[in-house]
Every structure is written in C-alpha cells, then in structure tokens.
Amino acid sequence: MSYVAVIDTGINNLRSIIGAINHSGYKTIVTNDEEKIMNSSALILPGVGSFPAGMKKLKKANLDVIITRYFKKKKPILAICLGFQMLFSSSNEFKFTKGLNFLNGEVKSLKSLNTKKIIPNLGWNYIESKKNKKNYLFEKINTDMPIYFIHSYYVEMQDKKYITSYINFGGKKVATSIQYKNLYGVQFHPEKSGYNGLKIIKNFLDKI
Amino acid sequence: MKRIIAKLDVKGPDLVKGINLEGLRVLGDPSTFAKKYYENLADEIIYHDCVASLYDRKSFLNIIENTSSNVFIPISVGGGIKSLKDIEEVLNSGADKVFINSAGINNPKFLTESCKEFGSANICLSIEAIKDYKDEFVCLSNYGRELSNKKLLNWLVEAQELGVGEIVLTSIRCEGIGNGFDHEILELIYDKINVPFIMHGGAGNEKQIYDVLKFDKVSGVAISSLIHYSLVREKNFNSELKSEGNTQFLKSLKDTLSFKKSNILSIKKFLKKKGIKVRL
Chain A
876 MSYVAVIDTG INNLRSIIGA INHSGYKTIV TNDEEKIMNS SALILPGVGS FPAGMKKLKK
936 ANLDVIITRY FKKKKPILAI CLGFQMLFSS SNEFKFTKGL NFLNGEVKSL KSLNTKKIIP
996 NLGWNYIESK KNKKNYLFEK INTDMPIYFI HSYYVEMQDK KYITSYINFG GKKVATSIQY
1056 KNLYGVQFHP EKSGYNGLKI IKNFLDKI
Chain B
-7 MKRIIAKLDV KGPDLVKGIN LEGLRVLGDP STFAKKYYEN LADEIIYHDC VASLYDRKSF
53 LNIIENTSSN VFIPISVGGG IKSLKDIEEV LNSGADKVFI NSAGINNPKF LTESCKEFGS
113 ANICLSIEAI KDYKDEFVCL SNYGRELSNK KLLNWLVEAQ ELGVGEIVLT SIRCEGIGNG
173 FDHEILELIY DKINVPFIMH GGAGNEKQIY DVLKFDKVSG VAISSLIHYS LVREKNFNSE
233 LKSEGNTQFL KSLKDTLSFK KSNILSIKKF LKKKGIKVRL
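Residue numbers (this note's numbering), protein chains in the order written: chain A, 876 to 1083; chain B, -7 to 272.
Some clues are possibly wrong.
[What the hints assert, rightly or not] Per the computed footprint, the stretches of chain A lying under chain B, defined by three or more beta-carbons under 8 Å from a beta-carbon of chain B, are: (1) 889 to 898; (2) 920 to 929; (3) 998 to 1012; (4) 1025 to 1035; (5) 1061 to 1075.
[Said to hold, decoys possible] With a straight-line cut-off of 25 Å between C-alpha atoms, the simulated DSS-like cross-links for lysine-lysine are: (6) B:LYS206 <-> B:LYS261; (7) A:LYS991 <-> B:LYS77; (8) A:LYS932 <-> B:LYS77; (9) A:LYS983 <-> B:LYS108; (10) A:LYS991 <-> B:LYS206; (11) B:LYS101 <-> A:LYS931; (12) A:LYS991 <-> B:LYS264; (13) B:LYS101 <-> A:LYS934; (14) B:LYS264 <-> A:LYS992.
[Stated by the list, open to error] In silico contact screen, one side only, chain A against chain B (beta carbon under 8 Å); selected entries: (15) PHE969; (16) ILE993; (17) PRO995; (18) GLY1046.
Everything labelled a hint here was simulated from the structure, so no lab data went into it.
No experiment lies behind these values; they were computed from the predicted model shown.
Where a beta carbon is used, it is the ideal one built from N, C-alpha and C, also for glycine.
I would like the entire structure built from these sequences, with the hints used as guidance.
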C-alpha cells in the first residue's frame, strides 16, 4: 500500500501537513523508522523551530543518514520551512551549525539583508515563480495569489539554477523554493496557504 | 500585505465572547466557526483559551487538532502557556505559533528560552493593556484578571529585546464594544514597534479596521465580536451547543451593542477599495 511518510522531528505542525496530504487523497504515516520511510512513496521533511535544535533532532534519530539514502533512491522529497533550510550547507542561527548539505547555501538572518522590512517575515507574500514547464510545484498556480511565510532566516544559495521561486523582500530577492532532482524545498508553508498551498502540495504528490 | 485575523476565545468546549474580557457568552462550537472563517478568507485563526488550564486542557487541544486538519491557514494559540512543554504540546496539536502573556510577565527569561527552542517567529507576545488609576497604561495578566507591575511601553520594548517575533495587543477598555480600536494606545507605542504588530479590541465595522490598518506598522487586526455576532445571526449557520454556560444571548440573539452585519470577505473588499493590500 502506498503512503507518504512524514518525518516526526518533535516540534512540528504536523496535523495541517497531514490534513493537506489527506485532502489530496493520500495516506500518511508519521514516522522516524527507517524501514517505513524507505518503503514510502514520498517523504515530507517539515520543521518548526531553530536550526540547531532541528539538526540535533534529525541526527539523534539518524535521520540525516536515512534522508540521504532516500534521496539517492530518487523518490520525491518535500522539505518545508526549517526543513528547507536544513537541506543546505550550514546556518548561523544562534551558532554555526552544519546542515544536510544537499545543496550549497548558507542560512542567514534576514537582518543581514539590511532592508527596512520588519523581521520576522510573517504573513502573506506574493511569490514570483520561474515560468518553466518543469517547475512542477507551481504548475497551474495563479502566482498572483499570496503564500504564507513565517521565518527570520533565509537561504543564500550558491546553486541559483535550482531556485524555482522568489519573493521581493524590501527590494532584495529572496529564494523561496528549490527543485533539485527529486528534491523539492519551500521556505513558505503550503499547508497554511489556503487553496493555492493545497495545490502546491497536490502538485508535489503528483510526482509519486 | 495586511492580515485579517479571526480571534476565537474558548472556554472548555465552547466559543465564547465577552465585553472587556468579562461576561462570557457561549456562541457555539469553535471549530465550526474557524472553518467558516477559513472559507471566508481569514488570514489566520487565533485560539485563546481564556480560562487556561482551569478547565480540562484536553478539550482545548482537541479543538486545535480538529481545526488544523481542515483549516489550511495559520493557527495561533495561547492562554495558559507556562512551559516549553506547553508550547510543544500546542504545536504538536496543530498550532503554528503560540502567544504568551502571563508567563512572560512573571518570568521574562521564559520568552528568550521559548524563542531559542522554537524560533522567534513562532513566539508571539500577547499584551492586555488597561489604564491604571494614575492614568497610565499597564499590562494585565491571566485574561485581564490580574494587574501586573509592567508598564505598557516598557514591557513592549523589553519583550522585543527578549526576542518575541510578534505582538498582539488587546485594549481591554475597547474590547467587545465595537466602537473602534484604541488609538491612544497606538500613538503611545507606535514608534517603538519593531516586530509584526496585531491590534485587537474594538472592531465594530470595516471603517474602524481601515483606520488602524492604514498605519504602516500595524500588520493586522484581530476581530471577534463583529464576525461572531454576524455569523450566529445567519439563518443557515448551525453550530452545535456543547455546554450549559451563558447561552442567553444565543437563544435571544438580542444585544444592546450595535455591531454591523459583516464578514471577513466584505471587510477585505472594503479595505482593498481603500487601497489597503489584502489577500483576496
């Protein structure tokens, strides 16, 4: 039987993610168990909290290794918010912490962009997605619709070609999603972004 | 983009609403109201456990669970949050953010600890402000039941330094009356606001909402009576009653206060016409 595995990192808004996946007609299992994860059809890496706390929890459950194995099996992975940030090399939130390092990039405070915008970036932002047939997450999405964000840190990416959307944050372009092989990551919360968010999740699940 | 937030005060299994945080009337099942507001394009839901753990905490967590599985907008939860474990519990039930009042006043370090563990963006400070006998604004704790030693302006500045990612401020004297927001408070604190700021207490029509949202630093408004009273008066709206609290109002639908019949969608349309950016 096919199901979507949702990683349980302890501090998570899992119910809305589960609700959103069920809404698209898929079953979910919340688990950190290697076998259950490896047998799933798709993997969700959610995350609420600080980067060091998030990485610590992943490592404690050996999830850094398991997620890497899953990635190599070419099954779709969707990383959300802190999950998205953890895909990159490192972060300086509170202290220097290494990430999962799937892509080159540093997680930095939005403050370092020196804009006049209030931080955290909390609320609804218009996203600009790359118009590209292979930009799967944003297929058939009205990009004029705002998406919900809540973050104080952003990713400064080296591999810019994998970026699939941006927001304009006080005049600075901030990357808000990536697509790299079977790996999808979003800085925003699709499970909290109303009908358009549900569509993004459905688009991801269609990759199963 | 400005946020229109539906604030739902909860007591035991019921949605309730008072005046100046007192005289709570029972209005119905909270999840039913939340679902309706989501469909009506609310940008966020606030659940406030207004008796905190005096009653059964489980039923409150159940309400969050029910809502988060079919309401796909952010849910902010507070009332009785005293420990990191409490925060974890509500986040695991489906909340996205927590707001803290009393525990922050009693132990300001708790705010910093919470931000470290869960990220600043997920920790919101709730302030309940009232004028004291010296005509100065001070902060109350425990859903407006206790006076604290915190002066409004000082506390707002201190809490931002401690790391909170958002502030929602209730003006007790305006709350539940529908005569507009507290502009005296806004003027007092405006220059010191450095984080997303939500104004609560006083929304009685869309014009009054516009009057605070036109200020740059007001990120959104939290509204309750205005939308609740309109919703319970809708003919097709049915919400199951679970308790035997003060249901007088619900039976008669008679009110001495005048709230305009309204809903979130119509409020947003009005704001858009006035040039305020909202999600429509």
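Against the structure, the hints:
1. 889 to 898: Per the Cβ count (8), the hint holds.
2. 920 to 929: Answer holds; 4 residues pass the 8 Å Cβ test.
3. 998 to 1012: holds (count 4)
4. 1025 to 1035: holds (count 3)
5. 1061 to 1075: holds (count 8)
6. B:LYS206 <-> B:LYS261: holds (15 Å)
7. A:LYS991 <-> B:LYS77: violated (35 Å)
8. A:LYS932 <-> B:LYS77: holds (16 Å)
9. A:LYS983 <-> B:LYS108: holds (16 Å)
10. A:LYS991 <-> B:LYS206: holds (18 Å)
11. B:LYS101 <-> A:LYS931: holds (23 Å)
12. A:LYS991 <-> B:LYS264: Given pair LYS991 (chain A), LYS264 (chain B) holds - Cα atoms ~24 Å apart, limit 25 Å.
13. B:LYS101 <-> A:LYS934: violated (28 Å)
14. B:LYS264 <-> A:LYS992: Roughly 22 Å separates the two Cα atoms, so the pair holds.
15. PHE969: Constraint on PHE969 (chain A) satisfied, holds at 7 Å.
16. ILE993: holds (6 Å)
17. PRO995: holds (4 Å)
18. GLY1046: violated (16 Å)
The earlier numbered hints that this structure contradicts are 7, 13 and 18.
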